[in-house]
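Sequence lines, in order, name chains A and Z. The first sequence: position 386 = 386 (UniProt numbering), numbered continuously. The second sequence: position 412 = 412 (UniProt numbering), numbered continuously.
A portion of the hints provided could be inaccurate.
[Unchecked claim] Looking from chain Z toward chain A, a few residues come up when the C-beta cut is under 8 Å (computed):
1) 16
2) 40
3) 41
4) 48
5) 180
6) 287
7) 302
8) 344
9) 392
These are calculated hints, taken from the structure and not from any lab test. Even glycine gets a Cβ: it sits at the ideal position worked out from N, Cα and C.
Protein chains: 2
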Amino acid sequence: MRGEIIAVGTELLLGQIVDTHSAYLSRECAELGINIYYHSAVGDNRERLKEILRLAGSRSDLVLITGGLGPTEDDLTKEALAELLNLPLVPHPPSIARMEALFARFGTSVPPGNYKQGLVFEGGTVFENRNGTAPGVAVTHGGTTYVLMPGPPGELIPMFEEEVKPFLISLLPGDERIVSRVYRFFGIGESHLEERIKDLIQNQGNPTVAPLAKEAEVTLRLTAKARDADEAERIMEPVRREIMKRVGGFCYGEGELSLEELVIRRLLDQKRTLGLAESCTGGLITRMLTTVPGSSGAVKGGVVSYTSDVKKGVLGVPAGVIERYGAVSMEAALAMAERARELFGSDLAVSVTGVAGPDPAEDKPVGLVYIGCAEEGYPTRAYRLRLGGNRQGIQLRAAKHALFILQERLKKGEAQT
Amino acid sequence: MRGEIIAVGTELLLGQIVDTHSAYLSRECAELGINIYYHSAVGDNRERLKEILRLAGSRSDLVLITGGLGPTEDDLTKEALAELLNLPLVPHPPSIARMEALFARFGTSVPPGNYKQGLVFEGGTVFENRNGTAPGVAVTHGGTTYVLMPGPPGELIPMFEEEVKPFLISLLPGDERIVSRVYRFFGIGESHLEERIKDLIQNQGNPTVAPLAKEAEVTLRLTAKARDADEAERIMEPVRREIMKRVGGFCYGEGELSLEELVIRRLLDQKRTLGLAESCTGGLITRMLTTVPGSSGAVKGGVVSYTSDVKKGVLGVPAGVIERYGAVSMEAALAMAERARELFGSDLAVSVTGVAGPDPAEDKPVGLVYIGCAEEGYPTRAYRLRLGGNRQGIQLRAAKHALFILQERLKKGEAQT
Chain A
1 MRGEIIAVGT
11 ELLLGQIVDT
21 HSAYLSRECA
31 ELGINIYYHS
41 AVGDNRERLK
51 EILRLAGSRS
61 DLVLITGGLG
71 PTEDDLTKEA
81 LAELLNLPLV
91 PHPPSIARME
101 ALFARFGTSV
111 PPGNYKQGLV
121 FEGGTVFENR
131 NGTAPGVAVT
141 HGGTTYVLMP
151 GPPGELIPMF
161 EEEVKPFLIS
171 LLPGDERIVS
181 RVYRFFGIGE
191 SHLEERIKDL
201 IQNQGNPTVA
211 PLAKEAEVTL
221 RLTAKARDAD
231 EAERIMEPVR
241 REIMKRVGGF
251 CYGEGELSLE
261 ELVIRRLLDQ
271 KRTLGLAESC
281 TGGLITRMLT
291 TVPGSSGAVK
301 GGVVSYTSDV
311 KKGVLGVPAG
321 VIERYGAVSM
331 EAALAMAERA
341 RELFGSDLAV
351 SVTGVAGPDP
361 AEDKPVGLVY
371 IGCAEEGYPT
381 RAYRLRLGGN
391 RQGIQLRAAK
401 HALFILQERL
411 KKGEAQT
Chain Z
1 MRGEIIAVGT
11 ELLLGQIVDT
21 HSAYLSRECA
31 ELGINIYYHS
41 AVGDNRERLK
51 EILRLAGSRS
61 DLVLITGGLG
71 PTEDDLTKEA
81 LAELLNLPLV
91 PHPPSIARME
101 ALFARFGTSV
111 PPGNYKQGLV
121 FEGGTVFENR
131 NGTAPGVAVT
141 HGGTTYVLMP
151 GPPGELIPMF
161 EEEVKPFLIS
171 LLPGDERIVS
181 RVYRFFGIGE
191 SHLEERIKDL
201 IQNQGNPTVA
211 PLAKEAEVTL
221 RLTAKARDAD
231 EAERIMEPVR
241 REIMKRVGGF
251 CYGEGELSLE
261 ELVIRRLLDQ
271 KRTLGLAESC
281 TGGLITRMLT
291 TVPGSSGAVK
301 GGVVSYTSDV
311 KKGVLGVPAG
321 VIERYGAVSM
331 EAALAMAERA
341 RELFGSDLAV
351 SVTGVAGPDP
361 AEDKPVGLVY
371 IGCAEEGYPT
381 RAYRLRLGGN
391 RQGIQLRAAK
401 HALFILQERL
411 KKGEAQT
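Pulled out of the complex, with its shape left as it was, chain A reads as follows (with noise of 0.2 Å):
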């Protein structure tokens, strides 16, 4: 199946915003074995934007459009469509008495301009919009189907997953099952991953095998057809050994579960309790830790210590460890992660302390980073690592390190528990 996007909508034309959704759609048809050839993006006009559907109709068997479905007279995706395929746009009542419950719940009534968002193509799939006033509506004519869906993030997104997807399948040839697992790699970069499987995705057919990096860490997607999700696991399991063979040890996870929700996960399964010392990452870990919904119970809390005096002070690490190693050193993160862990009187602690840059300190080099971690009944450890890139970018992999770190040990917890 040929398909293509359209993103509406004149903020897009002028860089106001960034089109995310089009990255989105395609991530998801191409895991439907829906290929995507072209995007475009066009402003809200109507003779442009019939201009761009009457090309995508001749070219392309699945037009997905997002955008254009306001109540504002600038808004005419519809319209527009409408009046290319010379189709009439009639009244939804579901969707018309979803929009005026809604408004009623705010003690208004709906303005005259909402109705149009209640009108649909006759004979058309329309797609409930949970999140908003504009229902989704798909049309197929003349051998192309058109989807068109809201384009605010809040309300394509779920209505994408729970109605337009089963659609899409169901327009699919057989009865097709899309299958696909995704892995989590922290520690090895995206090309050396796809070094070392290389063959792997070169040879790639059922299942595919698709690596992407994204922040520091790089996940590989493996999708599989089948007519089950039973054919499909099977399907992917030698893939899938074959991998972990070759790269398990960088694997931490599976799933859309992050470095920081695992680490909390394993905390609170495990009852334990973490605190934090923080030099170079500037309080990074605690924040990203503390992003995750519940981490109050297993995060006591984070000591920022970005000066000498604070470590001293403030953790109390011994003067003489900084006055002879310095700040950054192996024996000032060894001392910190302790000092924290006493400090919150938490199970665990981890502790950083390096040079984030852009400057070098203490003559020590851009990059270099310590990573302690202090855990009950363990002798306290320390990690020297050197990293890459810019500030925000060694700050980034130095917390992630710390992160992945925490997680390894959890991991053994979880082992003995």
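Following the hints, put chain Z in place on chain A, whose structure we already have.
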């Protein structure tokens, strides 16, 4: 001038990367007064690439193209355009010499595939790539100017800024200058800001007035066309004055300076230091501040006191305050700010305590946040906020509020010194 933008790369159509270049180039073009009517993305496929380029040539005066200038066989942009326009490609000796010098520095010779990157259109304008091996090139044919630029952002953006932008300006009629000013607002939503200056937006001419919402802030961009910078400033002045009369109280700065950069700059200018005590923001404020290079000269440190034990034990908030008023209270915020200032020995300290959600705490509603601010020689103040949004939104808004309060404090300091 009628323009459009084409992004080339199969990874875009697979959704592996989001096309941010088209938005970037669109913003730049909007400032230059070039109207962009279309964005397109197409894969590394010779025929489809030629088809898109043919279409673009038929409808636009200017076609900006990113990507597909790499050394591999998949990189086809230049070749496709050369075939379409039937234009010869010729070696560009300075680009080839740069490439050879670059590889020599790594102790290797130029891989044969890379030499094609040194080919350009005969009679075209070449843009030097200081951050990679692929030069950019512009060529005019049949009334359309095609500009080819490399895809990696670290190559595209500097090339655009330094070379392509002046080239585009040279294409514009007359000797018009385009000048813009960006004003940054906090504490007012985009729709409220728009509402208050609606007439200025609706009746805009020269200068143009463009509001843009971004991460709990709003910016307003004024853009004037004039013969020179002075005239542009004169054209903008009455509109700027009218805007500031209406919403100036929410304006914290101009240009690209963020709230955290502003706070750090003011602290460094005034040679003052800061300590932080964060509860519901989980280290976010410390994190934002320490992202700024040079922040180590101003931020002494921070404590993330996620639990009442840490508030008492580490920060030294009196147990009575927490028992009587709760950890989320005006009194706790005041005590946290004062104790943070003592602990870090800083000139100022800021504290945050609140309920970020998803669940209420201490019978207090999600979104209730207190911010404390302690300063040497002044009474400690605390502020009560009711913030909307999800957990991350509340954390971000609370952090920005704290930074906004801090920069207001420091503005006073500026007036006094």
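These are the hints, each one checked on the structure:
Taking 8 Å as the C-beta contact cut-off toward chain A, the hint placing residue 16/Z at the interface holds, the least distance being around 5 Å. The beta carbon of residue 40/Z comes within 5 Å of a beta carbon in chain A, closer than 8 Å, and the hint placing it at the interface holds. A hinted interface residue such as residue 41/Z counts as satisfied when its beta carbon comes closer than 8 Å to some beta carbon of chain A; here the least separation is about 4 Å, so the hint holds. Using the Cβ-Cβ criterion of 8 Å, the hint placing residue 48/Z at the interface with chain A is satisfied: the shortest such distance is roughly 6 Å.
Hint on residue 180/Z is violated. Least Cβ distance to chain A is approximately 13 Å, over the 8 Å limit. The interface hint given for residue 287/Z is met, as the beta carbon of that residue sits about 4 Å from the closest beta carbon of chain A, less than 8 Å. The interface hint given for residue 302/Z holds, since its Cβ lies 4 Å from the closest Cβ of chain A, which is under the 8 Å cut-off. Taken as an interface hint, residue 344/Z checks out: its beta carbon lies about 6 Å from the nearest beta carbon of chain A, inside 8 Å.
Using the Cβ-Cβ criterion of 8 Å, the hint placing residue 392/Z at the interface with chain A is satisfied: the shortest such distance is roughly 6 Å.
Violation of the numbered hints given earlier is confined to hint 5; every other hint is satisfied by the structure.
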